[in-house]
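Chemist: Given next are the chains, with one letter for each unit.
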Amino acid sequence: MNKKDLSLLILILVVGAVVTFINPRFLLVGNLSNTANQVGMFGIFSIAEAFVIIIGGIELSVGSVIALLGVLFIDLIVNHDVNWMLAFAAIIAGGLAIGLVHGTLVTRMHIQPFVVTLCGLLIYRGAARYYTEDATAGFGFGASFPTLEWLTAGRTNVLGFPLPHSVVALFIVAAIAWVLLHRSVFGRYLYAVGKNEEAARYSGIRSDRVVISAYIICGGLTAFAAILIAMYTRSISPAVHGSFYELYAIAAAVLGGCSLRGGEGSIIGVVLGTVLLQVLQNLVNLLGIPSSLNFAVMGTVILIGVLGDQYLMQRRRATTAKARPQASVAAAPLERANAE
Amino acid sequence: MPEPFLELVDISKTYPGVVALDHVDLKVAPGEVIALIGENGAGKSTLMRVLGGVVEPSGGLIRVDGVERGSFTVAEAIQAGIAFVHQELNLFDNLDVAGNVFIGREPVHGGPLRLINRQALYAKVRPLLERLGADFEPDAPLAELSLAQRQLVEIMKALSLDARLVIMDEPTSSLTLTETDRLMRVIAGLKADGVSIIFITHRLNEVMQCADRAVVLRDGRMVGALTRAELSPAAMIRLMIGRDLKSLYVPPAAPPGEAVLDIVQAVTDTYPERAVSLSVRRGEILGLAGLVGSGRTELARAIFGVDPLRGGAIRLDGTPIRIASPRAAIEHGIYLVPEDRKSSGLLLDFSIAENISLPDLSSYLRLWLVNTARETENARRQRERLKIRAPDVETAVGSLSGGNQQKVVLAKWLSMRPKVLIFDEPTRGIDVGAKQEIYDMLRRLTDAGVAVLMISSDMEEVIGVSDRIAVMHEGAISGFLDRSQFSEHNVLQLAVGHTI
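Chain order of the listed sequences is A and B.
For the first sequence, the residue numbers in my numbering are 902 to 1241.
For the second sequence, the residue numbers in my numbering are -1 to 498.
Bear in mind the hints are in silico, worked out from the structure with no lab data behind them.
Accuracy of the hints is not assured; some may be wrong.
Said to hold, decoys possible - Computed beta-carbon distance windows for the label pairs:
#1 B:125 to A:1144: 56 to 66 Å
#2 B:135 to A:1012: 32 to 42 Å
#3 B:116 to A:1190: 49 to 59 Å
#4 B:271 to A:991: 51 to 61 Å
#5 B:88 to A:1160: 26 to 36 Å
#6 A:1072 to B:142: 52 to 62 Å
#7 B:12 to A:1148: 49 to 59 Å
The beta-carbon is built from N, C-alpha and C at its ideal position, and this holds for glycine as well.
Build out the structure end to end from the sequences listed, making use of the hints.
Modeler: Here it is in structure tokens:
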């Protein structure tokens, strides 16, 4: 865990302590379990977003993909009697395909990621609404998938705490993503391409493939989150389901140390960022703040967090600058800059 | 010739470790056309930047109309009537011609909104277009103009500021012959109007054609001036060369072997009508000399697969190969140490170890994951071998000096199995000590059987390090030199397109 993650953890604990102090119901098992469930679902698509942000891209269609794939999943298993495992696989494949399309448009057609995924946001939302004729998709009376429901939306009692399975899913996803990003060759390539694509190419990295892979991973994980969310809400109004979720994901990634310029960020940070966002949401509910202020509270906290981070970084830079002169005397560069 | 209105007296400019200008004097009279010539790195551009107010001199004074001052700001230079037509033109692609000429000085309608008076704007630009005989309209979008036409826009901008002196830095380097002719006519026209011109050029025939005087710089010093009557290519070259070159040469342990890399009629994007052929032999350092812009870097980029090859073939050990990407080049054992190490050679935020392992990460695997212990171990070995001065291999490369950064780029390739190493300006911006260490490493590499192609604009380096020199001129090889033929004179002759 790096310094940035640690300060984020401290921030979460402080906010939690303040909320508990004002309203002790924050610590009730039911409240914590529900908040954890939200963290589980939001954490998965925030990690998805982080992959794209680390290579220097952006993915704005997360919310719309969650709506479209959620609607399709429920339609497949409820109305078309498709075996849920098959439907599960099909939806994940759909997410991967969306990622492939986005990645290809960005790298081969040289369209800016913002534009590609903004179009995606509009297209998938429209498709979801058209497909259901704007009606709410849900489980009909008596429709029941006990195994699937238990797996996705169930909770298991661990030492008296009802642990939501979405949290287990997040834990597994985060663990794999952590190893992939921080320990594997592919992870190294992701950071290299995000930092300086030209230098990465000069080192023999096929940067286009790396970028496309990042979008594919993002699409697949988003599809997974879409299924969990669909099974949790059990009914989907395609016009609003998942809206603004891409912004939650971007916010969590930025809180977690990702730079929108690419090349930075950690998985632990992204998970902690998600936790902070959900605790804030919870805070609004518990402290009796009008829920209309929900987004305003979140925006303010993120802004303060980023400003604080900036301040700390400047201070660190100032101290290292002071320490530098002695260090570099031995190797004073005789730069011949601008000599001609 | 009328009295000079502008004088540079005893101008010096030093950078840490380098003297760029060493007590230079220059006088400019109205209507005078001065050619400023000299090798790469002689200080020509620095001198002109002093005149344009971009660079502050370390010593000396500037006298304009009898008024003395220590230095100029850009605004003061413009006020004194000095206009600079930059090598990379400072124009706005998204505006039209008139908008560019009067940027920041647009005529406006009265009123609080200060709307641009387009009619007045175009009316002011039209006479300038006629004066230069330009073949485009004031409302032509700049994006649609050729490079030569853009240059005219820059000159119009200068004239609209009532310039008395127009400085042009290699104005013809990217122009076609007819465009060059037209520029020469424009220069003659300006001269007739009493405007002075200083132009930096490598093309001696242009100097012959239009200069009243040629001023020659070498190593930051003014080594001579030739009047119109004294001008001749031979006289100019004689002044441009003739410094003492320290001999750095270390002969190879064995005579060079077979050709490893053959470039056959290679065509790049920059010079689509020219083709380059050369071969690099096992165990030799082939120096690739030429003026800046002669197409050497473009050739290197094409061999390394960064840019596509537009024609011709590449053979490695006699077998034709196709290189579509740097990855492909690397798999064939062809590595490039690029010209700009900060943007293409290194990831400045990555550590030394991470930079070194990057092209070859798959050989550091343990169970699919990067074995950082092996990575660190190899980086430490390379640090010893190349004497990279850094506290540890975990240090971010961005905090190292230029010489040590270059050694990291080198270490990256030496950890693998180089067959052909291409260096583009291997020691630019590097201190003397590190330079020598890099030269030593080059020789050790060739003695181990590597073929080295070294692009360099530093005459001392090309002559002192190479076993053989190929010289490029405007996208083609103008000649090869063996060690017995090595001389500054010969390299320069070929570089400016003459034969020896």
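Chemist: Honestly, which of those hints from before does the structure not fit?
Modeler: No hint contradicted; all consistent.
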